[in-house]
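*Asks:* Order-wise, the sequence lines are chains A and B.
For the first sequence, position 5 (counting from the first letter as 1) is numbered 5 according to the numbering used here, and the numbering increases by one without interruption.
For the second sequence, position 30 (counting from the first letter as 1) is numbered 30 according to the numbering used here, and the numbering increases by one without interruption.
Source of the hints: derived by calculation from the structure; they are not laboratory data.
Please note that a few of the clues may not be correct.
The list that follows gives simulated cross-link-like pairs (lysine-lysine, DSSO-like), each with its CA atoms no further than 27 Å apart [as the list claims (entries may be wrong)]:
id, chain 1, residue 1, chain 2, residue 2
1, B, K3, A, K2
2, B, K3, A, K29
3, A, K2, A, K29
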Amino acid sequence: MKPAHFDYHDPATLEEALTLLRQHGDDAKLLAGGQSLIPMLNMRLARPAVLIDLNRVAGLAYLREEGDWLAIGAMTRHAEVERSALVARRQPLLAEAMHHIGHVQIRNRGTIGGSLVHADPSAELPAVMLALDAVLVAAGADGLTREIPAAEFFLMYFTTCLRPDEILTEIRVPALAPRTGWAFAEMARRGGDFALVGVACTLSLAADGTVAGARLGLTGVGMTPVRAASAEALLIGCAPSDERFAAAAVAGAGGIIPDDDIHATAVYRQELAQVLTERALRTAYARAGGVTI
Amino acid sequence: MRKVTVTVNGREYARDVEPRLLLSDFLRHGLGLTGTHVGCEHGVCGACTVLAGGRPIRSCLTFAIQMDGAEITTVEGLAPSATELHPLQEAFRQAHGLQCGFCTPGFLMTLVPFLAENPDPSEEQIREAIGGNLCRCTGYQNIVKAVQLAAGKGRCE
């Protein structure tokens with residue numbers, strides 16, 4: 001057998017899962033969709049003594065509309081988010097990004113919460129959550145829940161601010177605001193691969209046609225997903241134009257410090273960030289109902 | 001050891017398994033269903049694709065114990081009888097959609113639900129659908145042709 005021995009628990013309730021997690025502490029790993037954890041177990045890169053499987057925990061997989069927000073249960077499979085008419089209607093940026101996550105077999109098993117907690121710096125969802133100012137809800141063994149803004153959630157490569165005894169239970173995503181366009185753009189060597197660089201973008205227009213809001217979340221360019229704040233600052237309050245989008249993209253790419261790795265050089269990643277940001281802005285602008293000047 | 005009860009290709013099986021037993025190894029070694037192939041064992045090659053509840057998943061990235069109560073379909077469940085092939089299998093044969101055949105079960109199990117949802121797919125949609133399955137023999141050309149043939153829109157010379 002490939003994975004090393006572990007003690008297996010498949011609790012039926014969140015309370016049981018939290019109790020098990022508190023009991024076993026660092027010896028335990030939570031198993032969500034398993035599409036990142038099981039490869040590591042198979043190669044014995046991870047050898048947890050205890051596996052707490054969340055797949056039978058009741059009430060962690062759902063998609064609900066709550067006013068101007070979408071509430072998504074952490075154990076909701078990527079495929080359900082991808083196929084959801086509600087998500088497509090209320091938050092099309094998330095819908096557009098889903099398609100880029102792994103392959104159909106991965107999306108049928110992988111979960112939105114698992115992906116966020118795994119915090120791969122090249123994954124799509126963390127950048128989307130950052131761009132959307134999503135709120136991540138965690139439950140702790142003390143019975144308290146904590147609402148964590150996406151901007152505070154990702155700390156490092158594969159590291160979030162979740163405490164050892166907490167479980168991510170829900171992701172709250174704001175619905176797309178009126179007169180707002182969106183775009184998700186990425187470059188990967190093959191479809192389904194992790195992105196070399198990806199950009200999640202929303203662009204809102206004011207009644208006078210100027211840019212009321214711009215949000216850019218980048219993936220693949222650092223230890224965590226990052227906001228392209230310098231690009232956003234160049235856009236807000238300005239009249240949209242191709243030249244303005246190009247200048248913002250240059251500023252955004254100038255504000256990141258990517259790493260060289262076996263997949264791409266830092267310089268190439270910066271170039272990609274610039275090109276993809278410009279494309280994403282133009283697409284988002286068109287979808288916001290603007291026309292390119 | 002824990003007891004797991006699964007329905008595979010319409011037949012119910014109950015077995016005692018170690019929790020760390022992968023679904024792929026359970027099917028092959030526990031049930032003797034060796035049509036499901038094991039390639040990379042870390043979710044890259046797609047050879048081990050089976051259907052769980054009608055949807056394709058990677059059986060090397062799932063534990064058998066997690067499938068307790070589930071309905072699984074493997075490549076052995078496709079052909080209607082010992083002397084007939086499933087239409088997609090027949091199309092693979094006619095269009096030379098395989099050479100060594102190692103990846104074929106995974107392709108079939110990915111494509112059967114795909115064609116059920118997309119009876120008239122474009123070439124781009126077909127290529128997107130097989131993005132998670134690796135084939136080192138065919139260069140994918142004849143796999144795409146086989147899918148087109150099965151969908152009733154391709155021609156086979």
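*Asks:* Next step is simple, just say for each hint if it's right about the structure.
*Replies:* Hints and how they fare:
| no. | hint | result |
| --- | --- | --- |
| 1 | B:K3 <-> A:K2 | 20 Å, holds |
| 2 | B:K3 <-> A:K29 | 22 Å, holds |
| 3 | A:K2 <-> A:K29 | 17 Å, holds |
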